[in-house]
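A.B. asks: So you can see what is in the structure, the chains are spelled out below.
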Amino acid sequence: MNIIECRSLTKVYGATKVLNNLSFEIQENKITGLIGRNGAGKTTLLKIIAGYFRETSGEIKIFSERPFNNLLVSANVIYINDQMNFPAALSLKEILDVSSTFYENWNHELSDRLFDYFSFQPTQQYINLSKGMKSTFNMIVGLSARCALTMFDEPTTGMDAAVRKDFYRALLKDYIDYPRTILLSSHHLNEIEDLLEDVLLIKDGKELLHIEVEDLKEWGIGVQGPTTAVKEWIKNREVIHSKNIGLDQMYTVVKNVDSELDKQKSQASGLLITAVSSSDVCVYLTSKTKGGIDDVFIKD
Amino acid sequence: MSLSRISLQEVVKRQYTYKLRAYIQVFMSLVFIQVLGILFSFNGVGMMGTSSNTFDISVHFYSADIVVIFTLLWAFISAILITTQAYRNDDFAFITNRLSSNLSNMLFLLTISLVGGLTALLSSHIMRILMFVLGQSEYLYTPTEVSEWIIGLIATVLYVLLFAAIGYFVGTLVQLHKIFAVLLPVIFFGILILGAGTMNEAIFRNVFEFIFEESSLALFMVKIGVLAALLFSGSALLSNRMEVR
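Chains G and A, in that order, are what the protein sequence lines are.
With this note's numbering applied, the first sequence corresponds to residues 7 to 306, in that order.
With this note's numbering applied, the second sequence corresponds to residues 6 to 250, in that order.
Some hints could be false.
To be verified - DSS-like cross-link-like pairs, simulated, lysine-lysine; straight-line CA separation at most 30 Å:
hint, chain 1, residue 1, chain 2, residue 2
1, G, 237, G, 209
2, G, 261, G, 212
3, A, 18, G, 99
4, G, 241, G, 223
5, A, 18, G, 140
6, G, 209, G, 140
7, A, 18, G, 67
8, G, 209, G, 305
9, G, 171, G, 137
10, A, 183, G, 23
11, G, 140, G, 179
12, G, 23, G, 212
Please keep in mind that the hints were generated in silico from the structure rather than gathered at the bench.
Keep in mind the model is a prediction, meaning the values are calculated, not measured.
Chain A extracted, bound-state conformation (with noise of 0.2 Å):
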């Protein structure tokens, strides 16, 4: 009797494929939450008005931000739901074995943070169109580079790559033991309410310049791709003794 042998990559490549098919529920959400994130956008992130005795102007700012959140909320989302029961024994249906269903799910979230990056900053695309149909009043906009554009299509995949893989360990916590389930939320809002006004400020203060705030593309890559790399080989190492079924 010979065995099929199959190397890990095969696997993974394998899974991979069915799993940009099987995971198309993924795709759709990304689909209607942005569209939800553009009808929310109408309501403009700012304003500013002057008025004087013979004229009144009043400027509204219309950015693609709101997506861009919902999205990266949506890539947190997506994460966890792949880390559940249900999507892990889908995977023992066929040929896997831990390690190769860790990375072929990874794959899949930077697959997807790729497509809600690039569709969360093209949203604003529509917006522009859709103000200059619909729009009954005066409407400007600056230009944007080409350059510019790039970057922030980078760091827009960056963001949405690194929440998916929060997503992903914070799944594959609770999937270890449900007690994370109320710890987590607890910890992550217990530090909202406690930390603001006291001396742990300054901590939340850096972690957030940390990530949020670097001025440097380069640097910011790698910041991003260190933080998603651990947090993606501690699921992985979390999980790997994880029985299934």
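One chain only, chain G, in its complex shape (with noise of 0.2 Å):
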């Protein structure tokens, strides 16, 4: 069964189309990452399937419906971000108490043992934790909550290394205990793909890929060796990103066609072919300009 059914989604901002004709599926039961640079639309596609903000045109269908002003979309879909807003006047226990008369799942327990374990006080006020505390006091809520759909949006804002680890952690032991879909946005793919079973990766708000993790780390290879064989072994391929390095070395990163041939060709040549993580993948596939900062940098 299809949780999100996204079809030809566009969402326009004044003169911007933030969300450019998506279409996507996610299935039930899956951890999906979505990936993308800043501005790429991922905010907005998670805020509509929240049912926050309005689509432009296109379908959005989340557990078969229209998910704005939805109460059944509402009572099963959970969106976390940092700039999550609870009532001022309630602490945080009060707050987790009021999260649980709403959730019909909450967990009790869980949200206790967390609470307790990352050493929160129940007086205290939500206004007045730290950027981290914030996001990982959002994460017990988020998790606690064990709607069918769970959305993190850029989870770990502020956490440090040791509560990220926890985080990640807690977040795939709750899953294994109560599995669900989850959607989780980071910049962070390398800390997170341990983690995913699909990418959905978005740029302007197209949609680029949405392949399995595993298929993600051997959708690149790195072609490195002297400038005039590595050009000679690139034509007729997909380039997603290449550097100079030196006067006459390049390395180019071109898609993945998996050919015995090639591997003999590229040895003959004495170029020197290494795997792409998918992070570095993610990052040449949605990088906005050819070439890097360093352009910016000379002066014709």
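Dock the two chains into a complex; use the hints.
C.D. replies: This is how it looks when you write it as structure tokens:
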């Protein structure tokens, strides 16, 4: 069963198309990573799914229903981001109590245990928490609510390395206890790739790739060697990244078509073939410009 | 996988319960503003005096009018406050849609109107006690019939509700577009300044009479009920397509 069905979804703000004909489907009980650069439309997409924003055109269905102003969707979806807002008059413990009255599947034991583990004080106020502590608290709410569709938007903002690790581990453990559909948006693909099953890569509001993480790891190969040899080799191939090294060396990343012949040919011409990490593939695929930041500083 | 299904009624009920707890500041400001109102009331609402060679009488009138007026203002401002973004976003931290959020806000405003109206009326008793204890001159008061007191209570509560409804509508307009934050006060004061002396006077006179000079309680209840319902449903309609967070 598809939890999310999205067909040519478009969202326009003024003159910019934040989401542009986005179409994808997400199946039940999968952990999907939503990856994209700043401004790619990740947050907008998640907010439309949560029913906060209205789509401009296209169709979005969550549990086969349109999410905007929908109580069924609201009751089964939780969206956690770093701009979460909780009533200022309530203490942390009271916020958890109120949440538990709303969410049917709320796991009080889990929330209490996490609350103690991360050493929150019951009487603390949410607004007085530090950025990382807020994110940690949001995460407790997100996990304990046990909603059929759980979305974390940049959940680790401000968390220190230890808490980040704990978070990923907690997420995985609770997922095993209580499988559900999880959407995780993050800049740090290398941190979360062990957690994910699928990756949805978006760029400028369009779907670029929607594949399994395992496939993404083998999606690209790096070729390094003398410039002329590399240029010859990459003819008729999809180059997603290239960089000059020194005067006569070159490094390019191309789509992996995986043929034995290529490997032999490259070895013969003295080229070095390397694997490209999935997070690098994502960076290269989503880069907005040709070349890199170095080119900004090259004055002709 | 089973999805949890929840009825609108149930969501509104839970939201209302949570708002009574979360919007505690509204009640705190009520206490503050009514104490302030009582203090100002000691200035008296009117005075008359007479004297001759041998005696000198001055009569001061005291009433809880100022407390009631302060309570009306409080209801207006509190209603605007709960339409602001921070409060609306709080709702969206939990299960909600725009309709349930509006409905629970209305229930909350109805509750604070009851509390505000009742305490405003009761404040006159506090004033009597304070007069009795602190007053240095002769103190008289006319006892009120129970039926009269109840009529007073109903009228006060309804006025507070009306002001809350106006505040909620104004607040919703401002949330819809920031231009209303400038436009509405300009219109209000513009009418006050321009309208007073010109031909429009009749209209304002009528509006004032319609709301404040109704002699039949039943008719008054219907009038305010309809007005408040119109304002609330208008706000709900306007905000039903609003994007949040």
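A.B. asks: Taking the hints in turn, state whether each one holds.
C.D. replies: Hint-by-hint comparison with the structure:
| no. | hint | result |
| --- | --- | --- |
| 1 | 237(G) x 209(G) | 27 Å, holds |
| 2 | 261(G) x 212(G) | 19 Å, holds |
| 3 | 18(A) x 99(G) | 21 Å, holds |
| 4 | 241(G) x 223(G) | 23 Å, holds |
| 5 | 18(A) x 140(G) | 28 Å, holds |
| 6 | 209(G) x 140(G) | 29 Å, holds |
| 7 | 18(A) x 67(G) | 27 Å, holds |
| 8 | 209(G) x 305(G) | 29 Å, holds |
| 9 | 171(G) x 137(G) | 17 Å, holds |
| 10 | 183(A) x 23(G) | 24 Å, holds |
| 11 | 140(G) x 179(G) | 21 Å, holds |
| 12 | 23(G) x 212(G) | 10 Å, holds |
The structure is consistent with each of the numbered hints, conforming to all of them.
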